[in-house]
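Sequences are here, hints too, so could you generate the full structure?
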Amino acid sequence: MDQLDATFTALADPTRRAIVARLAEGDATVNELAAPFDMTLPGISKHLKVLERCGLISRTRRAQFRPCHLERQALDAAAGWIEENRRTWAQRFDKLGAHLRDIQQAPSPDGTASQGKEGQARE
Amino acid sequence: MSDQAPGVGELIYTRVFDAPRELVFRCMIEPEHLTHFWGPAGVSTPLENIKVDPRPGGIFETVMVNDADGSQYPMRAVYAEVAEPERLVWTEPGTGMTTTSTFSDLGGGRTEVRIHQVNVPEAFRSPEAQAGFATSLDRFAAYLAALPGD
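Protein chains in written order, with this note's numbering: chain A, 5 to 127; chain B, 20 to 169.
In case anyone wonders, no lab produced these hints; they're calculated from the structure.
Treat the hints with care, since some could be wrong.
[To be verified] Heads up, simulated SDA-like pairs for lysine to any residue below, C-alpha to C-alpha not over 25 angstroms straight-line:
hint: 1; chain 1: A; residue 1: 50; chain 2: B; residue 2: 95
hint: 2; chain 1: B; residue 1: 70; chain 2: B; residue 2: 110
hint: 3; chain 1: B; residue 1: 70; chain 2: A; residue 2: 97
hint: 4; chain 1: A; residue 1: 99; chain 2: B; residue 2: 94
hint: 5; chain 1: A; residue 1: 99; chain 2: B; residue 2: 91
hint: 6; chain 1: A; residue 1: 50; chain 2: B; residue 2: 121
hint: 7; chain 1: A; residue 1: 99; chain 2: B; residue 2: 95
hint: 8; chain 1: A; residue 1: 53; chain 2: A; residue 2: 39
hint: 9; chain 1: A; residue 1: 99; chain 2: B; residue 2: 93
hint: 10; chain 1: B; residue 1: 70; chain 2: B; residue 2: 104
hint: 11; chain 1: A; residue 1: 99; chain 2: B; residue 2: 97
hint: 12; chain 1: A; residue 1: 99; chain 2: B; residue 2: 70
hint: 13; chain 1: A; residue 1: 50; chain 2: B; residue 2: 110
hint: 14; chain 1: A; residue 1: 99; chain 2: B; residue 2: 87
hint: 15; chain 1: A; residue 1: 50; chain 2: A; residue 2: 97
hint: 16; chain 1: A; residue 1: 99; chain 2: A; residue 2: 77
hint: 17; chain 1: A; residue 1: 99; chain 2: B; residue 2: 39
hint: 18; chain 1: B; residue 1: 70; chain 2: A; residue 2: 101
hint: 19; chain 1: B; residue 1: 70; chain 2: A; residue 2: 95
hint: 20; chain 1: A; residue 1: 53; chain 2: A; residue 2: 32
hint: 21; chain 1: A; residue 1: 53; chain 2: A; residue 2: 63
hint: 22; chain 1: A; residue 1: 53; chain 2: B; residue 2: 39
hint: 23; chain 1: A; residue 1: 99; chain 2: B; residue 2: 119
Next up, the structure:
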């Protein structure tokens, strides 16, 4: 949970989300990342440190360019939690829709009346 | 409940059903209905394990069972508000997550259900996360999903 927390916290910032979106297209150096954002290098570096700390990106030690790399597993974990919850409700609603059709349209084989109009006593 | 402070971490889902509002509302609070739809695909919600006491402070408990391997997913919640047939609010003490269901009569026997969840999950409560999550997490998920793959 700590890792997921840190990931969501890091992604709460729009600039960091933009950096992540850029890195999803491929590795990039700090200079390349700074260019479209109209930010100073120290400003970008600060954001990169947050992303690095939560494991969303990694930086190679190679030379002075140190390209940033998006770690997709960390991103997938965050997206996964939200997606799972969304899917649960979507499927629950699918079933509810089918259930509502069943009880409104077809009287059940045992002769129970539709509950659409009259309703059912609460227990 | 609707003027609850936003920005903690929200999820919003809506769906329109071809059914009168009173009936849709009852489906959400009666075990005989819940057992038919509460579990997502491949997951059952046995009637005998659904406990519903629809009044403020009353319990809302289910045990969902995975049809494939029998894994159980218990849910324990307490109702905060029961305003038939417009609104239903429950909180899960384990996570602090609050779910508000709003039922809108669209006319012509159609009903819109809007699920609004806040405090998702408890761990989002850092000030930084709260500030950033004013927007819907649902849209955020779509954004993440739209990112190009490797």
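Q. Holds or violated: are the alpha carbons of residue 53/A and residue 32/A at most 25 angstroms from each other?
A. Satisfied, since the Cα-Cα distance of roughly 15 angstroms is no more than 25 angstroms.
Q.
Between the alpha carbons of residue 99/A and residue 97/B, is the straight-line distance 25 angstroms or under?
A. Answer holds: residue 99/A to residue 97/B is near 23 angstroms, not above 25 angstroms.
Q: Given the hint that residue 99/A pairs with residue 93/B, test it: the Cα-Cα distance must not exceed 25 angstroms.
A: holds, 19 angstroms
Q: Compare the distance between the alpha carbons of residue 50/A and residue 95/B with 25 angstroms, and conclude whether the hinted pair is satisfied.
A: violated, 41 angstroms
Q | Hinted pair residue 99/A and residue 95/B, Cα distance within 25 angstroms | A | Since the Cα atoms of residue 99/A and residue 95/B sit roughly 21 angstroms apart, the hinted pair holds (cutoff 25 angstroms).
Q: Measure nothing beyond the straight line between the CA atoms of residue 70/B and residue 95/A; if it is 25 angstroms or shorter, mark the hint as holding.
A: holds, 21 angstroms
(Q) Given the hinted pair residue 70/B and residue 104/B, is their Cα-Cα distance within 25 angstroms? (A) At roughly 20 angstroms apart (the allowed maximum being 25 angstroms), residue 104/B and residue 70/B satisfy the hint.
Q: Would you mind confirming whether the straight-line C-alpha gap from residue 99/A to residue 119/B stays at or under 25 angstroms?
A: holds, 19 angstroms
Q: Take the C-alpha atoms of residue 99/A and residue 87/B, compute the straight-line distance between them, and say whether it is at most 25 angstroms.
A: Measuring from Cα to Cα gives roughly 18 angstroms; hence the hint holds.
Q. Would the pair residue 70/B and residue 97/A pass a check requiring their Cα atoms to be no farther apart than 25 angstroms?
A. holds, 20 angstroms
Q) Would the pair residue 99/A and residue 39/B pass a check requiring their Cα atoms to be no farther apart than 25 angstroms? A) holds, 17 angstroms
Q. Taking 25 angstroms as the top limit, are the C-alpha atoms of residue 53/A and residue 39/B close enough?
A. Given pair residue 53/A, residue 39/B is violated - Cα atoms ~53 angstroms apart, limit 25 angstroms.
In this structure, the hints that do not hold are numbers 1, 6, 13, 15, 16, 22, in rising order.
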